[in-house]
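S.K.: Throughout the sequence shown, residue numbering follows full-length UniProt numbering, covering 1 to 86 in sequence.
In short, the hints are calculated from the structure, not lab data.
Some clues are possibly wrong.
[Stated by the list, open to error] Ranges of calculated distance between the beta carbons of each label pair, as one might list FRET restraints: (1) Ala-18 - Asp-83: 15 to 23 angstroms; (2) Asp-65 - Ala-30: 33 to 41 angstroms; (3) Val-62 - Thr-37: 12 to 20 angstroms; (4) Ala-30 - Pro-64: 35 to 43 angstroms; (5) Arg-63 - Pro-38: 14 to 22 angstroms; (6) Arg-63 - Ala-29: 28 to 36 angstroms; (7) Ala-35 - Leu-82: 20 to 28 angstroms.
Quick reminder that beta carbons are idealized off the backbone N, C-alpha and C, glycines included.
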Amino acid sequence: MIGIDISPERELPAPVGAGDYNVYTGVGAADAAGATTPTAAQLGLEPPRFCAACGRRMIVQVRPDGWWAKCSRHGLVDSTDLDLHR
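Could you put together the complete structure from these sequences and hints?
M.R.: Here it is as structure tokens:
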């Protein structure tokens, strides 16, 4: 595949990378003192629902082999993208 960087050093996509917001609750990192992450998310059973970069609610589609999530500002991320970082 030409033009696709699959090296392990590649950063996570903005919607799920290290950001200012929790991808499961949408709570800002500065306000996270009282927020709890849902148990299903802690177990890895729940896809991200909020963009880590901007905190907006994402469009999420769950499929039998994974999921994809799309932020209106930061684009699309697929669960297969995250498999490269495990």
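S.K.: All the hints need checking, so say for each whether the structure fits it.
M.R.: Against the structure, the hints:
For Ala-18 and Asp-83, the hinted distance range of 15 to 23 angstroms is satisfied, since their beta carbons lie about 18 angstroms from each other. About 36 angstroms separates the C-beta atoms of Asp-65 and Ala-30, a value consistent with the hinted range of 33 to 41 angstroms. Here the CB-CB span from Val-62 to Thr-37 is close to 18 angstroms, well matched to the stated 12 to 20 angstroms. For the hinted restraint 35 to 43 angstroms between Ala-30 and Pro-64, the CB-CB distance of approximately 37 angstroms keeps it satisfied.
About 20 angstroms separates the C-beta atoms of Arg-63 and Pro-38, a value consistent with the hinted range of 14 to 22 angstroms. Between Arg-63 and Ala-29 the CB atoms are about 30 angstroms apart, so this pair conforms to the stated range of 28 to 36 angstroms. Checked against the hint of 20 to 28 angstroms, the C-beta distance between Ala-35 and Leu-82 comes to roughly 22 angstroms, which is consistent with it.
Violated hints are absent here; each numbered hint is respected by the structure.
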